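Protein chains in written order, with our numbering: chain L, 67 to 515; chain V, 67 to 515.
Source of the hints: derived by calculation from the structure; they are not laboratory data.
For chains that are exact copies, the list does not tell them apart, and a pair is met inside one copy or across any two.
Here are the simulated EDC-like cross-link-like pairs (lysine to aspartate or glutamate), alpha carbons at most 16 angstroms apart as the crow flies:
{"no.": "1", "residue 1": "K113", "residue 2": "D87"}
{"no.": "2", "residue 1": "K289", "residue 2": "D70"}
{"no.": "3", "residue 1": "K321", "residue 2": "E291"}
{"no.": "4", "residue 1": "K306", "residue 2": "E281"}
{"no.": "5", "residue 1": "K424", "residue 2": "E339"}
{"no.": "6", "residue 1": "K157", "residue 2": "D207"}
{"no.": "7", "residue 1": "K289", "residue 2": "D318"}
{"no.": "8", "residue 1": "K289", "residue 2": "D314"}
{"no.": "9", "residue 1": "K321", "residue 2": "E284"}
{"no.": "10", "residue 1": "K247", "residue 2": "D273"}
{"no.": "11", "residue 1": "K157", "residue 2": "D184"}
{"no.": "12", "residue 1": "K113", "residue 2": "D140"}
{"no.": "13", "residue 1": "K183", "residue 2": "E150"}
{"no.": "14", "residue 1": "K225", "residue 2": "D243"}
{"no.": "15", "residue 1": "K73", "residue 2": "D111"}
{"no.": "16", "residue 1": "K420", "residue 2": "E339"}
{"no.": "17", "residue 1": "K157", "residue 2": "D186"}
Predicted, not measured: the structure shown is a model, and the values here were computed from it.
Number of protein chains: 2
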Amino acid sequence: MQFDLTKEFIDQIIIALEKEDSKFIADAILPLHPADIAEILELIDLKGAQFLYRLLDEELASEVLVEIEEDTRDQFLASFSSEEIADSVNKMDADDATDIIQDLPEEVQEQVLNVLKDNDQSSDISMLMNYDENSAGGIMDVDFVAANWNWTVKDALNKLREQVENVDQIYTIYVVDSTKKFKGILSLKRFLYAKDDTLIKDIYRKDSISVLDIEEAESVASKMEKYDLVVIPVLSEDKKLLGRITIDDALDVIKEEAEKDYQMASGISEKVESSDSLFVISRARLPWLLIGLLGGILGAYVIGFFEEHLRENAVMASFIPLILAMGGNVGVQSSAIIVQSLANNTLNYESIFKRLLKELTVALFNGFICAIIALIFCWITRSDFALALTIGVSLVAVFTYAGLFGTFVPLILNKYKIDPALATGPFITTTNDIIGLLIYFLIGMALYF
Amino acid sequence: MQFDLTKEFIDQIIIALEKEDSKFIADAILPLHPADIAEILELIDLKGAQFLYRLLDEELASEVLVEIEEDTRDQFLASFSSEEIADSVNKMDADDATDIIQDLPEEVQEQVLNVLKDNDQSSDISMLMNYDENSAGGIMDVDFVAANWNWTVKDALNKLREQVENVDQIYTIYVVDSTKKFKGILSLKRFLYAKDDTLIKDIYRKDSISVLDIEEAESVASKMEKYDLVVIPVLSEDKKLLGRITIDDALDVIKEEAEKDYQMASGISEKVESSDSLFVISRARLPWLLIGLLGGILGAYVIGFFEEHLRENAVMASFIPLILAMGGNVGVQSSAIIVQSLANNTLNYESIFKRLLKELTVALFNGFICAIIALIFCWITRSDFALALTIGVSLVAVFTYAGLFGTFVPLILNKYKIDPALATGPFITTTNDIIGLLIYFLIGMALYF
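So here's chain L without its partners, still in its complex pose (with noise of 0.2 angstroms):
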């Protein structure tokens, strides 16, 4: 059902949970997605989605859970028993059930796998819980419509509805020989407009674009961006067929990657979202914080060198954050750049030494413009070149370093396969502080004081 959730529905609900109405909320709730139930337990208090979880038969309950959001769900299910929880997870698909189980307290894990043993999916749910929850085998889903290539299209179309059963959605008929190593894929369209005789072997798509079990789920979600696929299939090392990636799967991949370089270039160590608790979010915060407080400790060392001059050209300090605002912006722009194309795969085929001497141009490009007007500026309202000169050369200067600084340290970050990321934010911009104190304080030692 379309439904837009609006803040009168939520307050009725509130209210309806307040009063225990159930039936007020059963009415209200069950017609709704699943997605849609999900959003509201996200926004409403524990209890109360408590309460409201309880109402909803097995099935919607359990695709309700498959769809909270994980912090809410991890809070949510520290009040369910172990089998309450078993009972919920044995209708999920075995990728699902997983993942829930995954995030469980480890004696809860257990306890929960010990109630499901008998569950036909708790095989595969055992080889999943085997896979990095970041790898393609973590994020594959194992039921999937497989065809022999030596049946007929007649025989395929009587021996896959068992198969489908067990399937959400198609998309594609995977083909499969003897021994189940994937040989290729069947269209739809194919397999619907084949004669009943016709061989499987005859129709079928060799070729076809595939990802190892164990490769990284980052790079499954770029190799299915780049060929726009909204499927792929999953193989052992032996070529073996073990499940599918379905896109929504990967686009949750793409999307906390992207979001994870965002929140590093913030300073924010952890994934906080605004509705987490004021400690979370106080947590997360703190350590760039802390980062940035000895920054500014050493940066008082470093003028303090500096403090008799100061005392006779006090000045000097006035453009202090002038230098600071300007190194941190160079550094922050330049490894943004360098950042974002390495997640995108942009710049694969040129040398580091390359890539530093093109920033090295537009560092001084940008450097020229800004210091030509800081330098006019400051003569015509100071009446003091020296001052105005000392200012302009250590822009260029500060513009120098930030650069090639900002663009070198994610390159060597992601040389030595460390998140490239990392070099954003808080960190470039400290060091860029400390350092660029030092230029503009020397280069006033020899142009000015």
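Using the hints provided, position chain V relative to the given structure of chain L.
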């Protein structure tokens, strides 16, 4: 074909291009996926790319053209005649053709449309040209499979054969009434296993999720993400079925949006990649640098007011970087959380007041921790309690101001339908610098000078 693009491969192609060795190039390139060929074209120079492109047959050439990145494609097509462009576009799906035509200079657009006017897709193209590029209509595909709900399964199987010809991938069958009004969807699963004389009306699913043609592409993308949809139907205001949007097109919108936010936060004013020309990169970066410059100059004015005091107490200057860095970090952190929550629709139901109160608590908490550390450090190393107190109090004040301002600005921008990401990055940092300095020196006046 599975293919990993290596530097060696590109080098071989470049050498072959220099020798104009068409045979070697054709053998190496023609078996590749169009997306891989497009990637190669982006990595070699324009002349080489044009030579290589002319080796492709018409169909492959048009598939490659769709895959090439927009900037490269514009440069590339600039050297083609309108007839050549029309030939390439002729083979494409109407939506891809429209995308390419829309990016051409206006007079070329007209010429190309003129050549295409006898093409069977020309009416689709003119219809699509009317939509904003960022609306559902602007990203929809007009080729889809639709069945009349009065047909039987057998009718449908015959009648859909022709429609299927034009559609790359089916995904789902749409159900319409005799006036083309959208009724719902028919899953392939049910269609495949229904009896021949069953009416479509009896097996289709109504209440399917759809979007309007004028809806924003971003809202389409978030709907598809929320409901885990791979394809979504697009309707006119009077519920007629116009087309469908597949997740790969929606994905492009999601990614572009995330990248734009990231670049804004990093002070880059237009979409750039590290492979762009020096001029483009400099131009994208200069506007924010000029804002930073203006901020720095204003900052110099602020400090200028207190120059006499600084002459006597030069030590106050030492802590300018600390105050600025902390204000900047807090501001960016708080605005980033809001921008990201807005992008993910996770803060619909809290009032601005409640949100500011939350930010205030976080700012005070983190502010006190940092202030106490700074105060103790300052007291011990400088043995000057008045100075230490000034720094500590200033930090708490700056945290409070920066946190509230960083929260408030994106919320207000969003309320007035301006992209909240504008609030992040240099804009907030620059304002914070100036206000932070004022706060610091005013507290200094009260407690220290």
